[in-house]
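Visitor: Respectively, the protein sequence lines represent chains B, Z, D and R. In case it helps, my numbering puts the first sequence at residues -10 to 268. In case it helps, my numbering puts the second sequence at residues -10 to 268. In case it helps, my numbering puts the third sequence at residues -10 to 268. In case it helps, my numbering puts the fourth sequence at residues -10 to 268.
One thing to keep in mind: the hints can contain errors.
Said to hold, decoys possible - In silico DSS-like links for lysine-lysine, alpha-carbon gap of 25 Å or less:
#: 1; chain 1: Z; residue 1: Lys57; chain 2: B; residue 2: Lys35
#: 2; chain 1: D; residue 1: Lys35; chain 2: R; residue 2: Lys37
#: 3; chain 1: R; residue 1: Lys57; chain 2: B; residue 2: Lys190
#: 4; chain 1: D; residue 1: Lys57; chain 2: Z; residue 2: Lys262
#: 5; chain 1: B; residue 1: Lys57; chain 2: Z; residue 2: Lys190
#: 6; chain 1: R; residue 1: Lys140; chain 2: Z; residue 2: Lys79
#: 7; chain 1: B; residue 1: Lys71; chain 2: B; residue 2: Lys190
#: 8; chain 1: Z; residue 1: Lys97; chain 2: B; residue 2: Lys37
#: 9; chain 1: R; residue 1: Lys35; chain 2: D; residue 2: Lys57
#: 10; chain 1: R; residue 1: Lys35; chain 2: B; residue 2: Lys190
#: 11; chain 1: R; residue 1: Lys165; chain 2: R; residue 2: Lys190
#: 12; chain 1: R; residue 1: Lys190; chain 2: D; residue 2: Lys(-5)
#: 13; chain 1: Z; residue 1: Lys97; chain 2: R; residue 2: Lys79
#: 14; chain 1: B; residue 1: Lys(-5); chain 2: Z; residue 2: Lys189
#: 15; chain 1: D; residue 1: Lys(-5); chain 2: R; residue 2: Lys35
#: 16; chain 1: Z; residue 1: Lys97; chain 2: Z; residue 2: Lys37
#: 17; chain 1: Z; residue 1: Lys43; chain 2: Z; residue 2: Lys97
What the hints assert, rightly or not - Partial pick of chain Z residues on the chain B-facing surface, computed with a CB cut under 8 Å:
#: 18; residue: Pro(-7)
#: 19; residue: Val(-1)
#: 20; residue: Ser3
#: 21; residue: Asp15
#: 22; residue: Ser16
#: 23; residue: Gln17
#: 24; residue: Ser20
#: 25; residue: Lys35
#: 26; residue: Gln118
#: 27; residue: His122
#: 28; residue: Leu124
#: 29; residue: Pro125
#: 30; residue: Gln242
#: 31; residue: Gly267
#: 32; residue: Gly268
What the hints assert, rightly or not - Here are the simulated distance ranges between beta carbons:
#: 33; chain 1: B; residue 1: Lys140; chain 2: R; residue 2: Arg194; range: 50 to 58 Å
#: 34; chain 1: D; residue 1: Lys165; chain 2: Z; residue 2: Tyr123; range: 54 to 62 Å
#: 35; chain 1: B; residue 1: Glu47; chain 2: Z; residue 2: Pro101; range: 29 to 37 Å
#: 36; chain 1: R; residue 1: Gln146; chain 2: Z; residue 2: Thr69; range: 32 to 40 Å
#: 37; chain 1: B; residue 1: Ala132; chain 2: R; residue 2: Glu231; range: 26 to 34 Å
#: 38; chain 1: R; residue 1: Phe259; chain 2: Z; residue 2: Pro168; range: 53 to 61 Å
#: 39; chain 1: R; residue 1: Arg194; chain 2: D; residue 2: Gly94; range: 46 to 54 Å
Honestly, the hints are just simulated from the structure, not real lab data. Every residue gets a Cβ at the ideal spot worked out from N, C-alpha and C, and that includes glycine.
Number of protein chains: 4
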Amino acid sequence: MSCPDKPGIVAAVSQFLYTHGANIIDSQQHSTDPEGGQFFMRMVFKLKDLNLTKSLFERAFNNAIAEKFAMHWRISYADTPKRMAILVSKYDHCLLELLWRHQHGELKAEIPLIISNHEDMRLLSESYQIPYHYLPVSKESKAEQEAALLKLLANHQIDVVVLARYMQILSSDFVKHYPERIINIHHSFLPAFIGANPYKKAYDRGVKLIGATAHYVTDDLDEGPIIEQDVARVSHRDGADELVRIGRDIERQVLARAVNAHLSNRIITFENKTIVFGG
Amino acid sequence: MSCPDKPGIVAAVSQFLYTHGANIIDSQQHSTDPEGGQFFMRMVFKLKDLNLTKSLFERAFNNAIAEKFAMHWRISYADTPKRMAILVSKYDHCLLELLWRHQHGELKAEIPLIISNHEDMRLLSESYQIPYHYLPVSKESKAEQEAALLKLLANHQIDVVVLARYMQILSSDFVKHYPERIINIHHSFLPAFIGANPYKKAYDRGVKLIGATAHYVTDDLDEGPIIEQDVARVSHRDGADELVRIGRDIERQVLARAVNAHLSNRIITFENKTIVFGG
Amino acid sequence: MSCPDKPGIVAAVSQFLYTHGANIIDSQQHSTDPEGGQFFMRMVFKLKDLNLTKSLFERAFNNAIAEKFAMHWRISYADTPKRMAILVSKYDHCLLELLWRHQHGELKAEIPLIISNHEDMRLLSESYQIPYHYLPVSKESKAEQEAALLKLLANHQIDVVVLARYMQILSSDFVKHYPERIINIHHSFLPAFIGANPYKKAYDRGVKLIGATAHYVTDDLDEGPIIEQDVARVSHRDGADELVRIGRDIERQVLARAVNAHLSNRIITFENKTIVFGG
Amino acid sequence: MSCPDKPGIVAAVSQFLYTHGANIIDSQQHSTDPEGGQFFMRMVFKLKDLNLTKSLFERAFNNAIAEKFAMHWRISYADTPKRMAILVSKYDHCLLELLWRHQHGELKAEIPLIISNHEDMRLLSESYQIPYHYLPVSKESKAEQEAALLKLLANHQIDVVVLARYMQILSSDFVKHYPERIINIHHSFLPAFIGANPYKKAYDRGVKLIGATAHYVTDDLDEGPIIEQDVARVSHRDGADELVRIGRDIERQVLARAVNAHLSNRIITFENKTIVFGG
């Protein structure tokens, strides 16, 4: 939940939850400024005997609390995991990392499908028993392909789209369908090396660390809210190819952490930045 | 605050604070198990118009909340910084780090005195305008020196004692006077290399990382609750002397972070472990 | 190569290589003490036109250089990758990491077989087209199983054995067959938490970092020369299960780096420690 | 030394050194490409009985080796530490770090003077017994101040100039006097956040890591060869002021490591990049 900060929010929310028989398991909050700033809170609670249906519970919360504090809010139910689509091109490292972690229960989601503009990742996807959809794209067919893509996502009731090194730029129109629900991995420490070939640029500049950045996709290329970043040390010994190799290890970890944070409902966005509560 | 976990704690505490006009600035909690485990919470709140004196406020909290939930609790007032004594022997790096951070407002404490069994650190201490007390110690004079030490600490109403590479083992009797209020820096990644000469032992074992550990001092040498740890990479090129040099950088950072967490009231101990809430 | 340090070694070796038409690509050296210590050197060179057969070249080096300086030495040929066997039990993370890196050309080796005391990893192994051998073991059958194991390794002319979370302790007799050629991953920051259940021990001690250690296997459990170590940060929020999960990410990276260093002939052991030259 | 790569360089140099009675303590090399690339080498050697004067030795090396391979080369003598000037404005953290490490023998240099455009750091400088020169500067007096600065540096035979958060941009003319001998610390992970107020920019962009970069100063602001970089993790909890505080810890470590590499003659520059050999 998010609302203008003022005294009494925590009291009101926790009192509401207590009255409805909920036990608060975890609570984290953040305020841009206790005096007149914006307040953010994430509460994890357990409802043993939900004495109302979910929709009644939500309506009650809205009427009793949310309206009073002018809140943006949402409730996610742990028994209803998000539905995640993975888009991929030819590189396997991010896809494999997500599939392996999903298989081990680290990513709480259903993955009804993987979509690609190439056939290369079919075998890997199917070895994890996930349907693979091949949607090739060219300059001419882009609008058409995105329409097919949107239809597929809608048909599968997808909540979140992960670009696991999907090497196509999505149109502004496409992005509008999934605001703050498309996660991309960019293979540089943003805002350094925006755009194409970041490892080549990093090599040419002679940096001593290379990085990767997971962010929500917005209209502006590589300018969306940053979710997670990390770096690895490199040296003069490492050529451009070696940077690609070392970078792979960072990309897959950073993307996996960002996806995990999103699926665990630990992220709130505000003014093109993210609040990522601890896991 | 800490108590057996059960529904309604957050609601009760936040309602109490709201009623008394407090605005909750930050709140963090932890539970070892929501069903029958132990619950821990740290709330930071602002009391604009404290409508009671501090002692009346505390009594009200005790009667209304703490007794009901069988809480251990304490309130620290930001306008009353802790009083910290630093004990040191001959090494300057941890002492200098603490003094520099204190000077820059990073450590919210008063430092009324520095105590040492050597004269070496007098100049440094006095350059930061902090009185320096020289209390030499030998095997024979140990009991006597500790008595003088305790008297000095009591006279200066010390809340927390930091051993900034103080090369003496404090007696069990001494430790009893400051339970969970003496912070030591051990120059290894505990529990590896307990006891004397950890860098020499690390060198002999051929480890690829060396570490440092800040912990509360208990009766058992190097066995108290760990507050903070960190490591640095070393290689076959680094001899035992070089490990000492690299280790200094880790020691001072780890100790500074641990002291900061303690002074900010971010640590709760439980069953020889620490809960360290984020800063 | 390794020998007592004295002036003239680099000159003699590089002169020999030059005379035989080799271009030195990389050279790294280390000395425990330039006065009377032990000298270690790794040279990578390119022989465009090897004007002798390999065995003649080696004999020439031995006669002209090695005997004079009392060297231990070996030559590895880049056109003859090492033959590596992977032993595994039920956990897939280390195995998958090695297979994926091998597939991407990061590990210069042939992997003629994977051996396990369980059937669990057959599917994964075979999806990478590597023959899987199931050799179950019990207390009674241990000697017999190890004999079968040794025979398999010998039949496949194995150079190096990687224990990718192989949950059996190899007998001293077995280890003797592959001195400094068996690499194990231990799931703690050795020498902390030697033996079984290191994550449980780490959780009980309340450490703030957990680690993993890759080492050569010797007679003494977890006491062999350390090749590589790394750590990850944990907090009071992380239960014992979570440590296992976080630890997996460290284990697979540390093991992969150690195996890579071994396969690239970048490791020399000396007095139960390793010299690991940069990659 | 640096020259076009070809067979025989190591042999020739090491043979020359051996002939002159030198024992090679350490040797590291790098080649951009063994076929037609550029070769770089750093050799550390001990001349017990230098059977020539230094200048004769250097002339012999030049005639016998350097001319033959078209080398750029230089010899630094461990008994003649470099002379280092530190330029500072009002922040103390980088200056204190350098002075403390110098006092502990970590930085092999003489520091004959500290120069500032403010008086603030006089006390600190003089507490380390280093003369402090106050050279105020304004837009109008800039040329004049730089002339005075250059004169001071020349009078003290300065080899290397360290900008320890010196908040003035040096003119192109000034820089020409000390090519690859002026080291600056920039408080961002370059090339991100070039120019003024990088922490403010980092805060506004919402990055999850902040960094610092030590580089040689060239005509182009923040575009010189990067020597060393590092980062620290930040979160939504950290405001712009907190980034400044966290950044200080990175700045001082990164600058100290870069200065140490320069003073140890471990850096070679090539095409606006650095080769930094291991310490």
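Visitor: Is the hinted pair D/Lys35 and R/Lys37 satisfied, with a Cα-Cα distance of at most 25 Å?
Guide: 34 Å, violated
Visitor: Can the hint on Z/Ser20 be confirmed by a CB-to-CB distance to chain B that is less than 8 Å?
Guide: Since the shortest Cβ distance to chain B is 7 Å, the answer is holds.
Visitor: Min Cβ distance, Z/Val(-1) to chain B: is it shorter than 8 Å?
Guide: 4 Å, holds
Visitor: Taking 8 Å as the limit, does the beta-carbon of Z/Ser16 come near enough to a beta-carbon in chain B?
Guide: Since the shortest Cβ distance to chain B is 5 Å, the answer is holds.
Visitor: Please verify whether Z/Lys57 and B/Lys35 have alpha carbons no more than 25 Å apart.
Guide: 22 Å, holds
Visitor: Please work out if B/Lys(-5) and Z/Lys189 have their alpha carbons no farther apart than 25 Å.
Guide: 56 Å, violated
Visitor: Holds or violated: B/Lys57 with Z/Lys190, Cα cutoff 25 Å?
Guide: Outside the cut-off at roughly 63 Å; violated.
Visitor: Quickly compare the C-alpha distance for R/Lys165 and R/Lys190 to 25 Å and report which way the hint goes.
Guide: Violated - the C-alpha atoms of R/Lys190 and R/Lys165 are around 30 Å apart, more than 25 Å.
Visitor: Min Cβ distance, Z/Gln118 to chain B: is it shorter than 8 Å?
Guide: 34 Å, violated
Visitor: Would the pair D/Lys57 and Z/Lys262 pass a check requiring their Cα atoms to be no farther apart than 25 Å?
Guide: 59 Å, violated
Visitor: Given the hinted pair R/Lys35 and D/Lys57, is their Cα-Cα distance within 25 Å?
Guide: 22 Å, holds
Visitor: Was the hint right that Z/Leu124 lines chain B, CB cutoff 8 Å?
Guide: 43 Å, violated
Going through the hint list in order, the structure does not satisfy hints 2, 3, 4, 5, 6, 7, 8, 10, 11, 12, 14, 18, 26, 27, 28, 29, 30, 32, 33, 35, 36, 37 and 39.
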